[in-house]
Every structure is written in C-alpha cells, then in structure tokens.
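Chemist: Make the full structure from the sequences, and use the hints.
There are 2 protein chains.
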Amino acid sequence: MMARAWTLTSRPQGLPTMDNFALVDLPARDLNDGEVRIANTWLSVDPYMRGRMNDVKSYTPPFELDQPMQGGAIGTVVESRSDRFKQGDTVQHFAGWRDEAILPADQVQALPQLDVDPQAFLGQLGMPGMTAYFGLLEVAGAKEGDTVFVSAAAGAVGSTVVQIAKAKGCHVIGSAGGADKCAWVQSLGADAVIDYKSGTPVVKALGEVARNGIDVYFDNVGGDHLDAALAHGNLHARFAICGMIDVYNSAKPTELRYLARLIGMRMRIQGFIVSDYMDRAGEFYRDMGGWLKDGKLKRNETVFDGLESTPDAFLGLFSGGNTGKMLVRV
Amino acid sequence: MMARAWTLTSRPQGLPTMDNFALVDLPARDLNDGEVRIANTWLSVDPYMRGRMNDVKSYTPPFELDQPMQGGAIGTVVESRSDRFKQGDTVQHFAGWRDEAILPADQVQALPQLDVDPQAFLGQLGMPGMTAYFGLLEVAGAKEGDTVFVSAAAGAVGSTVVQIAKAKGCHVIGSAGGADKCAWVQSLGADAVIDYKSGTPVVKALGEVARNGIDVYFDNVGGDHLDAALAHGNLHARFAICGMIDVYNSAKPTELRYLARLIGMRMRIQGFIVSDYMDRAGEFYRDMGGWLKDGKLKRNETVFDGLESTPDAFLGLFSGGNTGKMLVRV
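As you go down the protein sequences, you meet chains B and R in turn.
Note that the numbering used here gives residue 208 to position 208 of the first sequence, counting from 1, and the numbers run on in steps of one.
Note that the numbering used here gives residue 6 to position 6 of the second sequence, counting from 1, and the numbers run on in steps of one.
For the record, the hints were derived by calculation from the structure and aren't laboratory data.
Some hints here could point you the wrong way.
Where chains are identical, the list cannot tell them apart; a pair therefore holds if satisfied intra-copy or between any two copies.
[To be verified] Straight-line distance between alpha carbons at most 25 Å, and here's what the computed DSS-like set of lysine-lysine pairs gives:
hint : residue 1 : residue 2
1    : K204      : K57
2    : K204      : K252
3    : K293      : K166
4    : K298      : K166
5    : K293      : K143
Modeler: This is the structure in structure tokens:
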C-alpha cells in the first residue's frame, strides 16, 4: 500500500472545512544515506496548526499548499540507513499528518526514559505539557498560594496546568465546557470549576468562585475568558497567553470591557511560544518524571482512529470535542 | 473673600458634564499647630482624575461626593504654623481644585532646585514627567535603537516620552490629533508623526511609517492605537500602559483585532502607576535636570484662567483640547 499524507489544498477563511484538505499518495522512494523510514502510530493535532494554515509570517512558516502538512508524531522505525536508529525503535518527530515519514536521522528523536505510553509524548509529556510547565512557572511566575485561573482546563495544555499548579501549592480555578469535562477537571484537583457552557457569563461565574481575585491567568482561549480574568485580576496579576482558540477562526475583534484594570492593578500580559524553552527540556522531564512517580499526573486522551480521520480530529479542537489530548491512532 | 473649592456632586456616567460639579465656599478657620495656609497659583487637571470620579475600588480612593476634590497644585505659603515653611515659600501639594489649601506641613513639599517655572512641576518635571520617564525606561525597557510608538504625543506625558526617547537614541513615532499638534510633536524631535484625525485608520498610518515594526509602545489612550501597536509589534515588543483616555468615559468595550499577535511575537503588555516609582524620584530629577541644561527638553502648556474654569480645563483633556500640560492659573 502506498504511503499517504494530508495536504492543505486552499487556505481556510474562518473555521476550516473538509474542502481545505486532501489525502494524497506519497511517491515511493528508497532511503538515502542517513535517513530513516518511520511507520507512524500516533499523530498529534493541535490548535496552533490553525495559524500555519494562514499565509502570514509568524513564528512557524505557513503550511505550503498541496504539500504534506507537519505536526508531532510517534512512530516505529521500519528501515534505517543511519547508525542512530535501528528497525523497531519507537521515535518522535514532526512529520505528522501522514502514515509514513522519511526523515534525516537528526530530525528524529528517541523517546525520553519515562514509564508512560508513547503517545503521552505528544501531550502531557510533550509540547503541550512543556507549554503548561514553562507558561505557568516561568512566564506567569506562579508560586505557592497564588490563585491560578486556567481556560480550556480539560484540554491537553490546560489539564496539565491544573495539575502542575496544584503540585506547586496554588489555588486552582479551571474553566471547561460541559458537565463531563468539568467533572474531570475537578478530579485533577482543581479547587473550583466553571462550566462556560452553562449560560452564566464567564465574568460572573469567575467572580463567584474567585472571591479574592486571581493572581495568574493561563490563557488558552482569549475572548470572554481573557476579559473575565482582567475583571478579577489582583494587584500584579500575571497572564501567560499561549493560545486564543476563540480567536483563530474568527473575523470578529476581541471585545474587552475590563482592559483598563491593567493600569491600576499593574497587571502583565505576556505572550509566549514553548519552543523558546526547548533548551530547558531537562527541567521539565525531571519535574514531570517526579510527579508521574508520585501519582500526581493524570491524563486523558480523545482518540480518532485512522489517518483518514485526521482533519475531523483537528476540527474537533475548535468545537470542544476533546477531553485531554486530541490524538489520531494510525 | 472666602476660599472656594470644586466638589463632585454626583458620579458621572460616561463623559462628565458641568452638572457633576459645584463650586462651594470653604468654611474659614484658623490654622492648627503644624499647619500651613497656601494660596494656590496653579492647579493640575489630569486624565487619571476621571477614574476617581467612579465609585470603584482602585489605586486611589474615589473622590467623596460633596467634598473638595484633590489634585496636584502649586502655591505660595501665606501663613505658617510649622517651622518647615515660612510665608512666601513656593510649594507643591495635592490639595488642588481650590484656591486656598490648609494642610499639615508634612503633606506639603518644597519645589526641587531646578531652574524652571514653578508650574513645570505639575507637568514635565512632576507626575506626568515621571510617568513618561519610568514608563518608557523601566516598564517598557526602551533602549538605544528601539522604535518607540507613543500615543497622545502632544500631551503632557506623551511629549515628554518623545523627548526622553530621542535623548536615549530611539527612533520615535508619535500620534497626535490635528496639524498644529503634529507639527509640535515633530518639533520635539519625533522621526514621524501620525495625525489620528486625518481619517486614515491608525493601524494603516502606523504601518506606513513603521516599516520595521515597533519595539515599544507607550499607551496613553487605548482603543485603536493599542490595536495598531499590536498589529505592528516586533518580536518581544513591550507595551507600557499608563492611560486609556479613549476608554475612561466609554461604555463600549475595546475592540482588538490583532491581540493574538501577542503570542507569536512574545509581546508583553504591562500596566503601571507612577506612584510605584516615587522612591526613585532622585534618578528622575537628576536625568531631567541634565537634559534641561542641555536644552533637550521643550514643553508647552494650555492654560485656563481662574478657579471657575477648572472643570472646563478637565473636560478639555478628553476632547483633545490641550497641547502639552493642561493647567489652571488661579
């Protein structure tokens, strides 16, 4: 059977549809010296990929039209012309959105030595987990006793923020959509959970549970959640902005009613990209490994089966379709 | 003649009107031990005072209804029962909005030893100047070679930001309303000036003059200017938010179309209050004194005459009525 990959055939306006994607055959070819052939077993879909579908200069280049898209992936080496990997090795790399990847060995990494399922390295122990870790502890500087508010708290990043914040002695308020997700966030140790689908405006719901305000906001969504955090931010509150899932597909501006509170409360809003912290991955694996052993880290996955389902999994990110990490099992 | 003071008779919704204010007689009384009587000569009106007219907890308490309002003032000691001041001394204090103030001596300051008109200590060499100095250099961390964008660049704070930024070797873009103000900002050394009243959207006008983006934004107004700065912010751009004159009187939310650029560009937005830097006033006077001697600081004043005109002067702040510092000469 031929290897296949998803390509972007046109640039979406607003929310992408299936018409923006095509599943194409990849030309078969032999390996060159130094290359490995990987049969992918797990593919990651992540909100940041929406940004790469636009033709604008950003921190990662746009996806090229009619070329295989990229993304995190886990796979098994099935053929190697590098002495760094041998057949049967389980590896991670960024040639996702396809069932088979041919890569130079220096673009392939062995999995860290932690006792978890390999797909965890696409989520809590991978880029989403590092986003949670460095965003919460470095960018927002969360410390013991802080009240931390996190949006999309049932997602891959947010659920890890909740648990790291609890491990660090913070008071944690999460927001998620629907009773099942809220129950899961509560089970992770959150002190309070807001259901943003309940009909109560977020700013009101947050005010009811954050009687003493919030010191840290970890933003995955933007919009109403960001405004609510501005409304309830304490003196010197710090906001780590890692994603704005409400904004990516919207042509509407973000409306903020409480922005001027920034001034009197001396609040700080800081955008960040996890890749800036890659050289500090050792700290992340050390701390996360410890919390794993202590049983302090739970995770959840929403799994779509088959390469064909990849765009559906991706689109599900924007309709709240996942609890925990959204994954495709090839 | 009896001493008089302006009081707030009701809390304004949106833009204040004359109906919110009343000019009342102050009860005559003798001084107590340790007090001084000051005949005010100059009164300051500043945008932050709008915030004190609302009944909300903030960094300064709300003005009390039917009590004399406060604000920066310069005056002459006409009677003293303190050994710290004698008749004829020129002093500054915060019992503004009135023609005569009775204060304990520890709430009165002698003027710093700089060779300028006394009213300069209400503007460029006072709180607005310190706001410019610490906001630009500390909060935003502006350094040589940075492109600095400043809104309300013809105002008391903004015009000082322009000149400090030039003194520090920055490339400076100012925004002001109307040809006269723009010409003045240009005369202060700004490399480019945007006329926000020209009809061209700020985001477009800024893009035309900031071909290499901006590294620092000093925000006095919020709204469209903030959004334009987000649209053109460079990697690691820093925004110092000191005022949002467009927002104070508006019930409408701020609409931001470019907020998500925060993430990819790792931008930082930091609110601040100048009073946090009061213990570092020595640095400010030292540097400003040097620039004054070197002829690097120009200033302008818009003067209303008579205590009766104080609310008009205050309201003029929100209609762009001032070039440089807005003052009342009693």
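Chemist: Each hint: holds or not?
Modeler: To see whether the hints hold, each was checked on the structure:
1. K204 <-> K57: Only across copies: K204 and K57 sit 18 Å apart there, 37 Å inside one copy, limit 25 Å.
2. K204 <-> K252: both (23 Å within a copy, 18 Å between copies)
3. K293 <-> K166: Intra 16 Å, inter 56 Å, cutoff 25 Å: intra-copy only.
4. K298 <-> K166: within (12 Å within a copy, 54 Å between copies)
5. K293 <-> K143: within (22 Å within a copy, 47 Å between copies)
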